[in-house]
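Chemist: So the chains spell out like this:
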Amino acid sequence: MYVADSRSGAPRTATSAADAVRPRAGRRLPAVAPTVLALGTVSLITDVSSEMVTAVLPLYLVAGLGLSPLGFGLLDGIYNGVSALVRLAGGHLADRGGGRHKWVAGAGYALSAACKPLLLVAHTLTPIGLVLALDRTGKGLRTAPRDALISLSSTAENRGRAFGVHRAMDTAGALLGPLAAFLVLRATVDGYDAVFTVSCCVAVVGVLVLVLFVPGGAATPRAQNATRATLRAAFALLRRRDLRRIAVCALLLGLATVSDSFVYLLLQRRLGVPDRWFALLPLGTAAVFLLLAVPLGRIADRAGRWRVFLGGHLALLLTYGLLLFPWHGTALPYAVLLLHGAFYAATDGVLMAAAADSVPPELRSSGLALVQTGQALARFTCSLSFGAAWTAWGDRAALTGSAVALAVCGGVALVLRPGGLRGAA
Amino acid sequence: MTLRSRILILVSALVVLVGVAAASVLHASARADRRDEARPGGPRITAGRVTLTGGARRVVFRNMAWGPHRDELVSAPAADPSGPRTASGVKCLRFYAASGTGVCLRAVHGPVQDTYRAVILDARLKERARYDVPGIPSRARVSPSGRFAAWTAFVGGDSYAGIAFSTRAAIVDTRTGRLTPTLEAYRIVKDGRPYQAADVNFWGVTFAADDRTFYATMATRGSTYLVRGDLSARTLTTVHPNVECPSLSPDGTRIAYKKRVKGAPKDAPWHLYVLTLSTGHETPLAEPRSVDDQLVWQDNHTLTYALPGDYGADLYTVPANGTGAAHRVTTAAVSPAYVD
Numbered sequence: 244m245y246v247a248d249s250r251s252g253a254p255r256t257a258t259s260a261a262d263a264v265r266p267r268a269g270r271r272l273p274a275v276a277p278t279v280l281a282l283g284t285v286s287l288i289t290d291v292s293s294e295m296v297t298a299v300l301p302l303y304l305v306a307g308l309g310l311s312p313l314g315f316g317l318l319d320g321i322y323n324g325v326s327a328l329v330r331l332a333g334g335h336l337a338d339r340g341g342g343r344h345k346w347v348a349g350a351g352y353a354l355s356a357a358c359k360p361l362l363l364v365a366h367t368l369t370p371i372g373l374v375l376a377l378d379r380t381g382k383g384l385r386t387a388p389r390d391a392l393i394s395l396s397s398t399a400e401n402r403g404r405a406f407g408v409h410r411a412m413d414t415a416g417a418l419l420g421p422l423a424a425f426l427v428l429r430a431t432v433d434g435y436d437a438v439f440t441v442s443c444c445v446a447v448v449g450v451l452v453l454v455l456f457v458p459g460g461a462a463t464p465r466a467q468n469a470t471r472a473t474l475r476a477a478f479a480l481l482r483r484r485d486l487r488r489i490a491v492c493a494l495l496l497g498l499a500t501v502s503d504s505f506v507y508l509l510l511q512r513r514l515g516v517p518d519r520w521f522a523l524l525p526l527g528t529a530a531v532f533l534l535l536a537v538p539l540g541r542i543a544d545r546a547g548r549w550r551v552f553l554g555g556h557l558a559l560l561l562t563y564g565l566l567l568f569p570w571h572g573t574a575l576p577y578a579v580l581l582l583h584g585a586f587y588a589a590t591d592g593v594l595m596a597a598a599a600d601s602v603p604p605e606l607r608s609s610g611l612a613l614v615q616t617g618q619a620l621a622r623f624t625c626s627l628s629f630g631a632a633w634t635a636w637g638d639r640a641a642l643t644g645s646a647v648a649l650a651v652c653g654g655v656a657l658v659l660r661p662g663g664l665r666g667a668a
Numbered sequence: 557m558t559l560r561s562r563i564l565i566l567v568s569a570l571v572v573l574v575g576v577a578a579a580s581v582l583h584a585s586a587r588a589d590r591r592d593e594a595r596p597g598g599p600r601i602t603a604g605r606v607t608l609t610g611g612a613r614r615v616v617f618r619n620m621a622w623g624p625h626r627d628e629l630v631s632a633p634a635a636d637p638s639g640p641r642t643a644s645g646v647k648c649l650r651f652y653a654a655s656g657t658g659v660c661l662r663a664v665h666g667p668v669q670d671t672y673r674a675v676i677l678d679a680r681l682k683e684r685a686r687y688d689v690p691g692i693p694s695r696a697r698v699s700p701s702g703r704f705a706a707w708t709a710f711v712g713g714d715s716y717a718g719i720a721f722s723t724r725a726a727i728v729d730t731r732t733g734r735l736t737p738t739l740e741a742y743r744i745v746k747d748g749r750p751y752q753a754a755d756v757n758f759w760g761v762t763f764a765a766d767d768r769t770f771y772a773t774m775a776t777r778g779s780t781y782l783v784r785g786d787l788s789a790r791t792l793t794t795v796h797p798n799v800e801c802p803s804l805s806p807d808g809t810r811i812a813y814k815k816r817v818k819g820a821p822k823d824a825p826w827h828l829y830v831l832t833l834s835t836g837h838e839t840p841l842a843e844p845r846s847v848d849d850q851l852v853w854q855d856n857h858t859l860t861y862a863l864p865g866d867y868g869a870d871l872y873t874v875p876a877n878g879t880g881a882a883h884r885v886t887t888a889a890v891s892p893a894y895v896d
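Just so you know, the sequences run in chain order A and B.
Numbered according to the working numbering, the first sequence spans residues 244 to 668.
Numbered according to the working numbering, the second sequence spans residues 557 to 896.
Note that these hints are calculated values from the structure, not bench results.
Even glycine gets a Cβ: it sits at the ideal position worked out from N, Cα and C.
Warning: the hint list may mix true and false statements.
[Stated by the list, open to error] Ranges between beta-carbon positions, derived for each pair:
1) A:R639 <-> B:R768: 40 to 48 Å
2) B:S655 <-> A:V647: 38 to 46 Å
3) A:T573 <-> B:R731: 38 to 46 Å
4) B:G819 <-> A:L659: 46 to 54 Å
5) A:H366 <-> B:I565: 53 to 61 Å
6) A:H571 <-> B:H583: 46 to 54 Å
[Unchecked claim] SDA-like, lysine to any residue: derived pairs with alpha carbons at most 25 Å apart:
7) B:K818 <-> A:R512
8) B:K647 <-> B:G597
9) B:K818 <-> A:A430
10) B:K746 <-> A:A635
11) B:K647 <-> A:G307
12) B:K746 <-> A:A640
13) B:K818 <-> A:G630
14) B:K746 <-> A:R519
15) B:K647 <-> B:G623
16) B:K746 <-> B:R790
17) B:K746 <-> A:A479
18) B:K746 <-> A:W636
19) B:K815 <-> A:W636
20) B:K746 <-> A:G307
21) B:K647 <-> A:R519
22) B:K647 <-> A:R488
23) B:K815 <-> A:T369
24) B:K746 <-> A:R512
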């Protein structure tokens with residue numbers, strides 16, 4: 244029954260922390276930096292490319308190759324673990340030598356692009372699984388340096404908005420990818436090879452935009468007394484009170500964040516969403532995320548990231564509440580998807596924006612990677628325990644447990660908020 | 557590098573990449589046209605009337621040979637499956653039939669995305685009922701009496717590089733129209749005790765002649781089991797470990813299935829076996845290759861199944877008692893059903 248959580252390894256959401264923002268009344272906020280727009284374009288293009296493959300993969304396996312895709316489940320665990328470790332490595336590599344963010348991120352994008360043509364020659368489950376794992380490694384490698392670049396090219400006043408713009412562009416790509424794939428399939432018969440080739444071309448464009456239009460070199464301003472980017476220094480970041488608190492809050496709230504797959508499954512079961520809509524549910528969340536990422540990012544800059552971040556989790560709590568609610572109106576599934584999308588919009592980029600405030604520029608990438616990895620592992624743990632709780636006590640009890648856990652963790656996060664920061668709730 | 561030269565590089569690269577992408581799409585769509593033309597040396601196919609009852613014993617399957625009748629249900633003499641094919645004009649991804657009832661799993665092309673549906677066919681391949689299928693359909697079966705139909709769908713692949721899939725097995729009573737969208741609604745008895753888990757998956761339903769008993773695969777916590785289902789009591793009971801895609805013999809005494817064997821490559825792990833239900837004895841079949849299909853009993857002694865071939869899939873047969881050898885009976889065919 245359940246589709247194991249394929250998103251738990253991805254840093255889609257964020258728990259955010261506080262913010263050193265001090266918005267000055269009457270002053271116009273600066274526009275989003277060109278680097279952010281360039282990175283957003285790279286993410287948009289890359290997401291078109293990867294979602295093209297994702298959208299046709301099951302069809303390709305079952306209808307094209309005549310395989311049953313169940314064997315893939317075996318690789319899932321390895322995959323999540325590897326992704327978390329790669330993210331830390333990517334973060335660390337990017338910080339060493341100051342301005343390497345662009346090149347480490349570029350290597351990640353290039354690796355994923357190179358995986359697409361490999362799909363043309365892999366015809367059995369294991370090679371296909373390995374190609375996808377490699378693709379995911381590329382994603383793990385690029386995420387932290389990319390977020391570091393976004394935070395480094397924006398100011399404390401507009402960082403929330405910068406991340407909002409980036410996440411909105413990223414999500415737009417994710418929505419366009421399946422559309423592109425099905426247009427190609429429509430124009431051909433069994434044109435999976437064409438889908439993979441087009442996907443590869445699109446990915447190469449993404450890499451080119453990164454190489455040509457994202458400033459590299461000494462992008463990181465080096466302070467006089469900057470810490471050397473050693474592994475020890477990366478982990479020593481956790482001794483900083485604010486970052487530690489952010490990481491702990493992200494971790495705690497991650498432990499109570501039920502994976503998307505479970506939310507959609509519960510939505511279908513509890514609210515009786517018809518089978519044929521099942522595949523469209525993630526699109527609903529993504530569309531709301533797309534629409535709200537920028538406005539919520541701006542609000543986070545003005546009202547405080549911590550507040551917006553906790554507000555996002557309140558939206559998640561309400562999502563759980565609606566799923567537990569005995570009343571089943573036709574509007575309820577829409578309300579659930581709206582709240583679920585708002586949760587992502589209020590937390591994903593906002594956490595990175597908040598964490599960025601507490602990490603010195605020379606360790607930015609490592610610091611963000613630490614928070615992302617902690618959150619990803621917490622969510623993975625939540626997936627496993629939610630599955631176990633569902634098994635032992637049923638879906639309703641499992642969700643009630645998650646709601647209580649979320650409320651408690653939210654309370655702790657409220658108390659633990661990073662000190663000395665304005666805009667704390 | 558100036559902005560101008562950077563833009564120049566990007567534009568030239570775009571020209572090349574758009575060219576490559578367009579060429580690959582054109583190539584694939586030209587191939588589609590080629591597939592509408594019959595290949596020399598392929599089976600002889602003529603349009604005609606295909607029925608699921610009446611007449612000599614035939615085998616009905618999805619024709620995968622290139623030509624105007626590609627992907628249509630065709631019939632061929634059961635004694636000579638490679639003989640001339642009669643094409644029905646009905647397209648299916650997967651198909652099965654018994655006693656004048658057919659189940660056809662097909663794609664419905666939408667503007668943004670394909671959806672899938674299971675269609676119940678009468679003996680003249682006319683649509684009697686249709687049901688939404690929540691993912692990519694794979695296995696299809698009809699009970700020997702023609703009353704019940706079942707299908708399996710793979711659900712998943714809805715987020716970035718998602719590699720986790722789950723299955724849903726549905727059963728419908730074609731007489732009353734009552735649909736069980738997923739076997740997860742049934743009570744599970746595992747090793748004699750009630751069992752509940754969120755990660756159970758079912759696939760590959762096969763029916764007994766009594767219109768009450770069926771068998772299927774249940775997977776949970778990394779293991780698979782043969783389960784016996786009861787349509788009246790709505791229960792599932794584990795019978796035997798490591799059984800996938802069971803297929804019950806016409807006499808109801810044996811299950812043919814694919815078994816995950818130790819030491820086989822991970823991407824080709826399945827060998828064919830026959831399980832005698834009364835004794836629990838497993839007999840390996842004379843097919844050395846890994847098979848990923850739900851077998852079909854041609855009669856009480858012979859099994860038919862598909863293996864990948866030049867045009868998608870070919871049909872093979874092998875004796876059910878472990879003797880003899882497997883051999884190919886026709887090319888470019890999948891989802892066979894024997895009808896009288």
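Chemist: Taking the hints in turn, state whether each one holds.
Modeler: Results of checking the hints against the structure:
1. At about 31 Å, the CB distance of A:R639 to B:R768 disagrees with the hint of 40 to 48 Å.
2. Our hint of 38 to 46 Å for B:S655 and A:V647 is violated, since their Cβ atoms are close to 54 Å apart.
3. A beta carbon spacing of about 31 Å between A:T573 and B:R731 contradicts the range 38 to 46 Å that was offered as a hint.
4. Checked against the hint of 46 to 54 Å, the pair B:G819 and A:L659 passes, with Cβ atoms roughly 52 Å apart.
5. Under the hint 53 to 61 Å, the C-beta atoms of A:H366 and B:I565, about 35 Å apart, miss the expected range.
6. Taking the beta carbon of each, A:H571 and B:H583 are about 50 Å apart, inside 46 to 54 Å as hinted.
7. Distance restraint check for B:K818 and A:R512: the Cα-Cα separation of roughly 37 Å exceeds the 25 Å cut-off, and the hinted pair is therefore not satisfied.
8. Restraint check for B:K647 and B:G597: the C-alpha separation of about 23 Å stays at or below 25 Å, so the hint holds.
9. Using a Cα cut-off of 25 Å, the hinted pair B:K818 and A:A430 is violated, with the two alpha carbons roughly 43 Å apart.
10. Only pairs whose Cα atoms come within 25 Å are accepted, and B:K746 paired with A:A635 is accepted, the gap being roughly 15 Å.
11. A threshold of 25 Å between alpha carbons decides the hint, and for B:K647 with A:G307 the separation of about 16 Å falls inside it, so the pair holds.
12. Proposed proximity of B:K746 and A:A640 is supported: the alpha carbons are some 23 Å apart, at most 25 Å.
13. Our distance criterion of 25 Å between C-alpha atoms is broken by B:K818 and A:G630, whose separation comes to about 28 Å.
14. With a C-alpha separation of about 31 Å, the suggested pairing of B:K746 with A:R519 is violated against the 25 Å cut-off.
15. Straight-line distance between C-alpha atoms of B:K647 and B:G623 comes to about 13 Å, which keeps the hinted pair within the 25 Å bound.
16. With a C-alpha separation of about 14 Å, the suggested pairing of B:K746 with B:R790 holds against the 25 Å cut-off.
17. Annotation: proposed proximity of B:K746 to A:A479 is violated, straight-line Cα distance about 50 Å (limit 25 Å).
18. Proposed proximity of B:K746 and A:W636 is supported: the alpha carbons are some 17 Å apart, at most 25 Å.
19. About 32 Å separates the Cα atoms of B:K815 and A:W636, which puts this hinted pair outside 25 Å; it is violated.
20. Taking the CA atoms of B:K746 and A:G307, the gap is about 35 Å. The hint is violated against a cut of 25 Å.
21. The suggested pairing of B:K647 with A:R519 holds, with an alpha-carbon distance near 21 Å, which does not exceed 25 Å.
22. Between the alpha carbons of B:K647 and A:R488 the distance comes to roughly 60 Å, so the proposed pair goes past 25 Å and is violated.
23. A threshold of 25 Å between alpha carbons decides the hint, and for B:K815 with A:T369 the separation of about 18 Å falls inside it, so the pair holds.
24. With a C-alpha separation of about 24 Å, the suggested pair B:K746 and A:R512 falls inside the 25 Å cut-off, and the hint holds.
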